[in-house]
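J.: Residue numbers (the numbering used here), protein chains in the order written: chain A, 1 to 127; chain B, 1 to 489; chain C, 1 to 746.
Any given hint might turn out to be false.
Below, in silico cross-link-like pairs of lysine-lysine (BS3-like), each with a Cα-Cα straight-line distance of 30 Å or less [said to hold, decoys possible]:
hint, chain 1, residue 1, chain 2, residue 2
1, B, Lys284, C, Lys651
2, B, Lys482, C, Lys137
3, B, Lys183, B, Lys45
4, B, Lys75, B, Lys57
5, C, Lys20, B, Lys482
6, C, Lys708, B, Lys299
7, B, Lys160, B, Lys209
8, B, Lys433, C, Lys59
9, B, Lys45, B, Lys196
10, B, Lys99, B, Lys160
11, B, Lys284, C, Lys708
Read the hints as simulated data drawn from the structure, not as lab findings. From a predicted model like this one, the values you see are computed outputs, not experimental measurements.
Residues per chain are reported as follows:
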Amino acid sequence: MSKSRPAASAGAASNSNNPLTILSALPARYLQTTPSRTKLIDAFLLFLIFTGAIQFLYCVLAGNYPFNAFLAGFTATVGQFVLTVSLRIQSNPENKSEFKAVSPERAFADYVFGSVLLHFFCINFIN
Amino acid sequence: MRSFIASGALLLTSLLTVVSAAAPSSEPTTKRFLPRDFTPPNVFKNTNLLRSIDLTKPYSRETVAVIVENISEEKQDEYFVPFQADEFGKVSYFDARDKKGPLGEFEVNEVVLGEDVPTQYYSVRFSEPLEPGKQITLQLSIAKTNVVRPVPAEIEQTDKQFLQWTGSQYFPSAYTTEKQKTKLKLPNNDTPEFTKLEPKSDGTSDPTKVGSTFTYGPYEAMEPTVGGGETVSIRYEYTHPLVHVDKLTRDVEVSHWGGNLAIEEKYWMTNHAAKLKNQFSRVKWAATAYYNPPTTAIKTLTYDLKVGAMDPYFTDEIGNISTSRFRSNTREAHLELKPRYPLFGGWNHFYTIGWNHDLHEFLRVKPSGEDFVLKVPFLEGPKEPVVYEQVEVRVILPEGATDVKYSAPVPIEKEERFLHKTFMDTVGRTAVKLTLSNVVDEQHHKELIVSYHMPKTAILRKPFVIFTALSTLFVISWIVSKIDTRIGK
Amino acid sequence: MSLDAFLKDESTRNLRSLLKAVILITIAGAAVSSRLFSVIRFESIIHEFDPWFNFRASKYLVQNDFYSFWDWFDDRTWYPLGRVTGGTLYPGLMVTSGIIYHILRFLTFPVDIRNICVMLAPAFSGLTALATYLFTKEMKDDAAGLLAAAFIGIAPGYISRSVAGSYDNEAIAIFLLMFTFYLWIKALKLGSAFWGALCALFYFYMVAAWGGYVFITNMIPLHAFVLVLMGRFSARLYVAYCSWYALGTLASMQIPFVGFLPIRSSEHMAALGVFGLLQIVAFVDYVRSQVPSKQFQSLLRSFIVVAFILSSAALVLLTVSGTIAPWSGRFYSLWDTGYAKIHIPIIASVSEHQPTAWPAFFFDLEMLIWLFPAGVYMCFRTLADEHVFVIIYGIMASYFAGVMVRLMLTLTPVVCVAAAIALSNILDVYTNLEKPDPAVVAAAKAAEEKEEKKSGLLNAARGTVVGIYATGSKLTVVGAFTFYLFLFVLHCTWVTSNAYSSPSVVLASRLPDGSQHIIDDYREAYYWLRKNTPYDAKIMSWWDYGYQIGGMADRTTLVDNNTWNNTHIATVGKAMASREEVSYPILRKHDVDYVLVIFGGLLGYSGDDINKFLWMIRIAEGVWPDEVKEREFFTSRGEYRVDDGATETMKNSLMYKMSYYNYNTLFPAGQAQDRVRGVKLPAVGPTLNTLEEAFTSENWIVRIYKVKDLDNLGRDHASAAAFESGKKKRKSKAGKAKGARKLRIV
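Chain A with its partners taken away, still in its complex shape (with noise of 0.2 Å):
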């Protein structure tokens, strides 16, 4: 699928091999290429990456003691990532191809339906 999109081999044809060049490269890309929208989604996936390595940090120093409230906790987020991810992919109009039976609209609702059925869960494992 990448080799069908243009902007991405213009900016290949420009580059060298060195990887770092390529990664210093890749914010100013992702500033200029992604849509407002899928950019709040990312801070969002950001801030559940930080929550969940601060779960996990507590974990490892402070002990697991109501094992099943840190698994909850921690499996909300992983849970959240996901599907966040999932809609992103989604909602994604580079994706188009893939999901032909899946709008945008539908994604967003499917979303919702994954993250209440996750929080549903969460909550009745945390007791």
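Fit chains B and C to the given chain A structure using the hints.
T.: Here is chains B and C on its own, set in the frame of chain A:
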């Protein structure tokens, strides 16, 4: 058979009274309340009294024929029979009738004096008062349970069983008795033990024994006695089970739609025969299977159901009991049950039996088309002698039945009315529960008559409910299918 | 209008869907009714062993509320330990029937919970047919779906576990399995988080219903993994898998019996690993889409490989260090069929855990088994993502079915699906009514001949007008397959009626006049226990009968089919296998009131305790190798005998004594026959001192013994018995002399 016809005639009259009576029979018991210190007025004299006690069944059936004379100055219509408190509780039924005269059956009432009064009474009310100096021949029929017990209480599996009956020398009476005797009829003449009383004045032994009949007395000029003189006991062979039903529930369900009368009975049964001294031996039991000697174990129970009984079933808590047989033709409906295992003394069993009848044979519709009279057997137990400790008969009428009246052939202790909900009922079916205790198998096949009113519209309730429910479901699903749930197209 | 046009025309769409619905309902009806043999022939009764526990639990659930069911501590099993039943069962089945029960009660239908339990498996088999239809429809088309539904509806491999009365977890689990797979395929095809979440929901239901959920837990990741390896990673796969895994795992941990297993045990690690892998792959894919530099791509690819290796290494390390539980014994026995025999005799002792015999495949699947490879081949031809799934499923399930008889159950659905695909392909080709245009045919023929010369037959098959048009060949093939289908139906009905419809609680035999005679010994004895022993009496029996005693006799048992505590079972085994003097203290210590044994010697009923005795000995030997030795039960020539030649250890064992006690008195002297083992028994029967016979059923199948109390005078039972018998002899002599007076004494 004769008594059956007689009771049938009585029932017909009572049916008429029930149906014509406007008020529902809400007070089913026949009790009379009297002050605690009550003693019967000394207005009668028993001229001659013959008491025969039949012990061929594992409970006693007493028939007392007594010539009663009114010795007071006024007309009298109430004759009292005393019982000691513990004997009183053993009475299963107490009937009285005019033996020779035209008056037939008399009303009998339990006299309620209070909880712990040592002497209790039954009162017999003559339908016509007795003139002073006149006589009447009363016949009292009394059945008592718990008057026999196996002695010894434990026997070997193939041993004979002996029962010991304990009772009184005389018939307890509240009045002076000029002459009386007590006859005991036993199932056979194997009687290893019996109470010998002092020889009578003419030197003959008391009792005298002729075949399987013992006679105590005759005794003359007896003062009123509640205890009945000496305690007499007799031990006789009775190698048969003592079937005791701790509880019986009988459901009679009327379905106008199915034209069906469904009867279901549940038995909590114990054998009160002598217990096994050692454990049960299958080898011995299998050996007796060939020559089938008398045994104290309950092997089979046979039911003679009403002709026309259909689809019987015989189950317990863990499923079908596969050892039953049913024979039905135009003359009989014979159900033979075999419990899962032979029930020896002290063993228990629980089972459910049920069957169906064509409703038309039991239900009469009055010309109005909205009033019905149901006539079903009040109890249908096994042919074997049975004692029921507690009996619950529930009559479940169709939904919407009102003005329920009934006439029971035996005194009812408690009556409850409630609604029974099954099979898509909206308000529930009208049901009556009749409770009684200490019943013996003599009461089988007597008729219970229930009359009720059911408007024609009530019968349409169910199809209407089903139709409404289905159409609601249909409409909802139609609406749901029409809602556009697609997102973002 | 030609039939084909009629079938494809838009205007007949409603008619076709109606037809489909009718066919499906008919299939469901057939599926249900073919499972009712046992109800018609016997009665509405719960079958076998495990279902009795499920039934008892369901009754508990409907009599109490859900929360007390959840916290149910059962002190009437595993005496004196008890069992935390609420936390050690899969509640799905009971909750399902509980819900059905309450719905019906709400609609004022007076149903008995027993009838719901009996009818649950047939009802769910109808749903399974529907789920299989949907699943196969995703693979090929409606026609294949309908065929598959028909196959699964009557395939004996599935019927074996779902006849009426077979109230076991599998009854609903196969429906859930197929439906979960269907939802997974749907999620994967659409790339929809919604379907993924639904899949997770049904996965949750499956986890709640059956321990075999691990099969799904590994199948879906395996599918995803193979797809990634095939270079078929797509955003759809990511969405479907991640939404399923994240929700499904969390959901599965709600079941107390499963608890933290999904993150702790090895069986679940594959799913977690693939989840991680997909994150990485997705991330890399994203980055790659941003930066399409070839060298960089290879760099990233190697990054994936390194990450994969690292994570597997971590997994192994965690397993070794014990954070993650290693594979459980049952799973080892899946890989190494000999494992259980050596290490866990209790698993090996269950007949359904034995490896499958070859004829069983044909017996259970008949023609489907040879259509199955063809179907798998068809999947290879149109190798879409979902077809990969069928192929993997087919391979895995075939292997497992070969290892364990009971796993034939998981194989059956995929065989039905594959066979339906194959058959529907055949029928598609051979029932095509279209006649080709003669001119086109001629032209094509010429072209075909040319091409044939060039590249052989296989390529020729791709020609545009290739098809079978000769009526003769069509009729032959279609006719043959119709015949096979009829044969299949006949076979299925025959197998179901003869092999799978016996409740095993009730045995049927034929009388000489051909009428059916029912042998009801089990219920006779269980009901005797239920009615004539104290409510808190403790019954010891081999674990096979534990659930039945709990369900039918309603008495406390020492061990049952849950088999969670091997030592406890071994204790029972030891009590059965030892001398009376050794067993009696064990019985006393466990407050045993009655001992129950199954004895088939009179009737020739081979599933009795003497035949199971070797397993009791083995299990006991596993715990007390010094006290119970299997070797001592075999004669010097290595024979397992019960007649005169039996070893002393055998003759003195409690089990032997209880089985044959008093048995010889049933026969003329010296003629006692054991009809199971076909041997003549010793002339003198065994004596029992510490137990007394309490009840023996009509055909001697169930024998119940009462454990005697300690002797009043403090003697041991043997000497007390000897004293008694001496006294009796004397007494009987005296009795003869004074026999006439005896009657009056009392």
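J.: Work down the list of hints and note, for each, if the structure agrees.
T.: To see whether the hints hold, each was checked on the structure:
Our distance criterion of 30 Å between C-alpha atoms is met by B/Lys284 and C/Lys651, whose separation comes to about 25 Å. With a C-alpha separation of about 25 Å, the suggested pairing of B/Lys482 with C/Lys137 holds against the 30 Å cut-off. For the hint linking B/Lys183 to B/Lys45, the alpha-carbon distance of about 21 Å falls within 30 Å, and the restraint holds. For the proposed pair B/Lys75 and B/Lys57, the alpha carbon gap of about 39 Å is over 30 Å, so the pair is violated.
With a C-alpha separation of about 21 Å, the suggested pairing of C/Lys20 with B/Lys482 holds against the 30 Å cut-off. Simply put, C/Lys708 and B/Lys299 have alpha-carbon atoms about 28 Å apart, close enough for the 30 Å limit, and the pair holds. With a C-alpha separation of about 22 Å, the suggested pair B/Lys160 and B/Lys209 falls inside the 30 Å cut-off, and the hint holds. For the proposed pair B/Lys433 and C/Lys59, the alpha carbon gap of about 27 Å is at most 30 Å, so the pair holds.
At most 30 Å may separate the alpha-carbon atoms for a hinted pair to count; B/Lys45 and B/Lys196 meet this at roughly 29 Å. Of the pairs offered as hints, the one joining B/Lys99 and B/Lys160 is violated, with about 39 Å between alpha carbons and a cut-off of 30 Å exceeded. As the CA atoms of B/Lys284 and C/Lys708 are separated by approximately 21 Å, the hinted pair is consistent with the 30 Å bound.
In summary, the numbered hints that this structure violates are 4 and 10.
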